[in-house]
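*Asks:* Each chain, written out:
Number of protein chains: 6
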Amino acid sequence: MKRVVTFGEIMLRLAPEGYYRFVQAKSYGATYGGGEANVAVSLAGFGIDAAFVTKLPKHEIGQGAVNNLREFAVDTSLIVRGGDRVGIYFLEKGASQRPSKVIYDRAHSAIAAAAESDFDWDKIFQGADWFHFTGITPALSDSAAEICLAACKAARAKGVTVSCDLNYRVNLWSREKAGEVMSKLMEFVDVCISNEEDAFDVFGIKASGSDVTSGIINNDGYKEVASALIKRFELKQAAITLRESIFCVINCI
Amino acid sequence: MKRVVTFGEIMLRLAPEGYYRFVQAKSYGATYGGGEANVAVSLAGFGIDAAFVTKLPKHEIGQGAVNNLREFAVDTSLIVRGGDRVGIYFLEKGASQRPSKVIYDRAHSAIAAAAESDFDWDKIFQGADWFHFTGITPALSDSAAEICLAACKAARAKGVTVSCDLNYRVNLWSREKAGEVMSKLMEFVDVCISNEEDAFDVFGIKASGSDVTSGIINNDGYKEVASALIKRFELKQAAITLRESIFCVINCI
Amino acid sequence: MKRVVTFGEIMLRLAPEGYYRFVQAKSYGATYGGGEANVAVSLAGFGIDAAFVTKLPKHEIGQGAVNNLREFAVDTSLIVRGGDRVGIYFLEKGASQRPSKVIYDRAHSAIAAAAESDFDWDKIFQGADWFHFTGITPALSDSAAEICLAACKAARAKGVTVSCDLNYRVNLWSREKAGEVMSKLMEFVDVCISNEEDAFDVFGIKASGSDVTSGIINNDGYKEVASALIKRFELKQAAITLRESIFCVINCI
Amino acid sequence: MKRVVTFGEIMLRLAPEGYYRFVQAKSYGATYGGGEANVAVSLAGFGIDAAFVTKLPKHEIGQGAVNNLREFAVDTSLIVRGGDRVGIYFLEKGASQRPSKVIYDRAHSAIAAAAESDFDWDKIFQGADWFHFTGITPALSDSAAEICLAACKAARAKGVTVSCDLNYRVNLWSREKAGEVMSKLMEFVDVCISNEEDAFDVFGIKASGSDVTSGIINNDGYKEVASALIKRFELKQAAITLRESIFCVINCI
Amino acid sequence: MKRVVTFGEIMLRLAPEGYYRFVQAKSYGATYGGGEANVAVSLAGFGIDAAFVTKLPKHEIGQGAVNNLREFAVDTSLIVRGGDRVGIYFLEKGASQRPSKVIYDRAHSAIAAAAESDFDWDKIFQGADWFHFTGITPALSDSAAEICLAACKAARAKGVTVSCDLNYRVNLWSREKAGEVMSKLMEFVDVCISNEEDAFDVFGIKASGSDVTSGIINNDGYKEVASALIKRFELKQAAITLRESIFCVINCI
Amino acid sequence: MKRVVTFGEIMLRLAPEGYYRFVQAKSYGATYGGGEANVAVSLAGFGIDAAFVTKLPKHEIGQGAVNNLREFAVDTSLIVRGGDRVGIYFLEKGASQRPSKVIYDRAHSAIAAAAESDFDWDKIFQGADWFHFTGITPALSDSAAEICLAACKAARAKGVTVSCDLNYRVNLWSREKAGEVMSKLMEFVDVCISNEEDAFDVFGIKASGSDVTSGIINNDGYKEVASALIKRFELKQAAITLRESIFCVINCI
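Taken in order, these protein sequences are the chains called A, B, C, D, E and F. Here the first sequence is numbered in the numbering used here, starting from 1 and rising by one per residue. Here the second sequence is numbered in the numbering used here, starting from 1 and rising by one per residue. Here the third sequence is numbered in the numbering used here, starting from 1 and rising by one per residue. Here the fourth sequence is numbered in the numbering used here, starting from 1 and rising by one per residue. Here the fifth sequence is numbered in the numbering used here, starting from 1 and rising by one per residue. Here the sixth sequence is numbered in the numbering used here, starting from 1 and rising by one per residue.
In short, the hints are calculated from the structure, not lab data. Be aware that a few hints might be false.
Same chains, same names: a pair is fine if it fits in one copy or spans any two.
[What the hints assert, rightly or not] Keeping only pairs whose Cα atoms sit at most 25 Å apart, straight-line, the calculated BS3-like set for lysine-lysine is:
no.	residue 1	residue 2
1	K58	K93
2	K236	K153
3	K26	K101
4	K101	K58
5	K58	K26
6	K101	K184
7	K93	K26
8	K2	K58
9	K58	K123
10	K2	K153
11	K123	K2
12	K26	K236
With the sequences and hints as input, model every part of the structure.
*Replies:* Right, dumping it as structure tokens:
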């Protein structure tokens, strides 16, 4: 990888200081984050030339997101400035048996409301050899999905490797819509990252003998899912991620 | 006044802790406020039975606004719960020669998106003898303007005194639209609060010999404006407010 | 339950911020709490009409306690205002092998110094069908015990169900005094909540074969204790609570 | 001065962080202070051997007061440990036109409840050549006044210079009681510090032609008051302090 | 200006939170700053391509300085990494009649200990058309002065305009040494910024009739000083800065 | 033990607030600490007369260290004031699988740069019966090692028991230098505290059959090491400390 471009939404994250609950919070710690922006920050941290592409308002909340990315060495020169608002998510950290909670307030953000004409992908991909996005980006709005498609086509045309993390979000779109939109995008994807649930939710691909809800894990099943993804979409590579939900025992045996 | 009902939007106010600027802020102090909600809090502080009416999401950011009003003894039992988001405004406190800044992120809030059918004004005005709103509320959206009109009509029908602070906000609507909408509402208003600029911006009412931008103040002019308002809208009373912009000299002689 | 009234002391809780010890603390987080107030807050949180009755000074530390209860939807309209001080407790949170510490500074509080004539129980119980107090309240002072008795008698006379959590506090009174006072109050109690130790400390009621200090738990013994309480005081119901002291293993296996 | 001993009460000062009001405070900054303790801290800061004498509970809130004095080099080895509580005062800092507020919660403190036998003044004054107290200390309780008297007598007997700042506090005692108690103590005082109001409130000494409430200041009057104090109590010296109440103009011209 | 390079030391600034004094501070706000770095941040804020050159340790305190510059859009790619420590200055903000205090702990910093061979000025000035430094940089150490000279020579050779703010610091070097070193550097300077005191301290240039210590300001004198600087060092331009020391009256009239 | 004197360096400890990393830190919690100072604080906490000896700058960062020791009842009257800087260490607290990190910035501190003549050990040991130092102190600089030797000789001459914790620090000196310097000091040591690694690193003393890096613990080996230390240096006592590195499992089973 010489230069990686990631594309998506970066949101203002507001989390009550300490372990206060939302209804008790008098102060919120403010940072910025989002799936594709986090990938760019991580890559920059490993010394890789990484740019993040999005649309952010010209006002200072938008500027705060830009500055935060710059702080961690991400190239922000390709970010389009305009639109009304920065998406927000509120995070209440869990404690003991109380789980964490997230409240999204991301509708109508600048990137969700962006137009295809806001982005000149030929220019964006100059010098890049890798493009990464996730299934969250096309789920933001119809226009965001169109922009993704334009990006993918431009990347393919320029020989830029395209990777996509399926990342299905039930609050943003239906399984049917996700399947329809993502199938079109997958034509241009070289590397697909998924977990077992996303592959099923979005594409109906399921390993024989696995049962996500029961927690039964079938290692051979992951290979089946990866193979099915590679075959259906003619991928170069597929990666299946596995995150265990571990019961937390802080505070007591 | 036995019982006052105020109606409008309550927003989450996020202000950087200390005197940090937006682009430096790592932490925001969180309170809730809005013109009509503040009136309810003030009246409750003077021991008057005060209820605030709005629409707020069922989630915990909406609940935070409810709890905050309750803390200061405002009756929140008439608040409609539903919708997606709580309006937000970001406030950067000024310091020395640097002025304060406000960034609004209030579009698409639950109250701006509320429907006329969300509010049963006959029930809301039970036991009330005063209804207060400001020109900000009908400016939020067309539906918010309709809800205001329904409220005003119900108040008039029940013999509830109606007061309105013109409070023209250039970012929310044009002078033309404001004039058109507010003129309809004024038919039901008994007491109008305004300053000289708002009376001109919204209704074109201007004192002879005054010049707002030059800072020349003509005390007789205020009486003219008040008289004109009373005459045009058959008001019981009109109040003209005057806030001087005083040059701040903290830090030096 | 249509409406619940709880009665007791609400204290200002001062806990060093973070995990600082008392002797290091430069800042205390301030909240308000107390056994019966917490019950009212919890019930209100479940949507039940809950009022808390106490006496609090008219000054702003007293008002802070009122506002805090209101924030969580507790009816504070029956709180008597007057007296000199709000009881305080200092809490040092434990960490790792260091246990939590509590220093009480509650003597001479407004509620401990209140007079029987401060409370008009007939009025307080209007519309209520449940009254709850704990063994902490009569332990505060002789006059507090008399107020409890007056409350219990008024509740019985109006057909209000009375529940009492024994909650014996060795720092507040002797076992002898507790037994004497609580026995008189139990004549009017319908539902008694206790744990095995409190039943023994206050009334000498002990299950055969149990040994609190050794940690040996005898489940049948709880039934014996509950039966004995019901029989002796002609209760409608008795509940035995059980809280295990679990050894904390944060920080290491 | 080789070694100074001051005697009085040191209180826990709890002030809301920032400029929050009491009813908004979620956090209190905690320091320790009191008239005589502050004198000891100031003298120690100038390099003078200074000891502070009081009674403080053995618990960690009491220890916090001791540590705080030690931090600023005050000798705390003569402090008697015992009693129940540390006096508290709550301070709300004023801002703009809002004045500061103080709520005292100092009754029943360890020093107010101390007995004469708690203090061995012969031992306390070993090596000392100056003893300082203020009119606040004898106002705390009858026993505190007796301890003051015992201290004054012991100081006189050992040739230790005694200074007293009248510091009349209307919330603690009446003018009559203050006059009676302070007159006895003044027999042993060598240096008296006062302002014009205190001299009048406690001893009825008034300059001809001055009027405290009108703000008219009569410089010759101060000399009259000082002369009258010296004459009546056979003092070595009297000092009259003058603190102007200056109107604050922060925020505006 | 197409691209500006500034060169000097960036220090970790540690200032007690709020208005606490050094001896009370339990917490320090941490930012990074220095004369030449601040110039680069300001220029970047105006949209000018600005790079800052220095030497910073590879460890994370050094990285924090780099990240902070990046956040504000300064090009940090030319910073040399190595050496042991980041210079520190402690700042106690003044309040009311208490002045601010600064304690420097900058000796032995990476840049003060840097070698001439650490910097390849031909490479550094690629694409640059302006070079700025201040009199603080050569004052840091003999080697820092040599590096400055090498930078100035390289700039002159490449036709890069050189500006220098005299900025005499009495704690870092004597007037004699400053005069000797700065005179050599001035051979390569095109634009000199100074105030009246610095011109006198470093070069003995003084306006007729002015008296810095008395506060008497002679406007014609500034022109004399500027002319003298231009003449002696064959400058293109000279700027005289004037900062009035205004007596602060916050808190009282 | 009647009175213990400990000697070494006390540093300013700067740790990011909360669990922020160095590169994220905007605020550092400030305390003071060091091996020998911590011993003095602990002894004082147990009520033992404990003095700490070091050299600290006269400025207020130095004074902060003095005040902090005084707060915890350590005698600071023997501390020499002078020199340029207080040693600093930056501490990033670990969290979950991320380990803690320490960055030292202690070179050129006042104590590292102190001269033998700064300390009058005969005077320092007046009234003392125990002297404690660690292997960190002589590692600070050649002059610090000489001061240690002078202290040890004076202690022996006055019959003061000398204890030393080997505490080998690889960043401060080589094994060869440590062995050479510590061997000279051990002539005057009565009680040596060590762990198995330090005994080997400094003196090459190793238990048969133990392997520190493999984690195999051989209890008999500790006795061997202790016996070897006692024999080689004619000690009165040797103590071997053992700190297990326990794998942390906070957050998950």
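*Asks:* Flag every earlier hint the structure violates by its number, smallest first.
*Replies:* 6, 12
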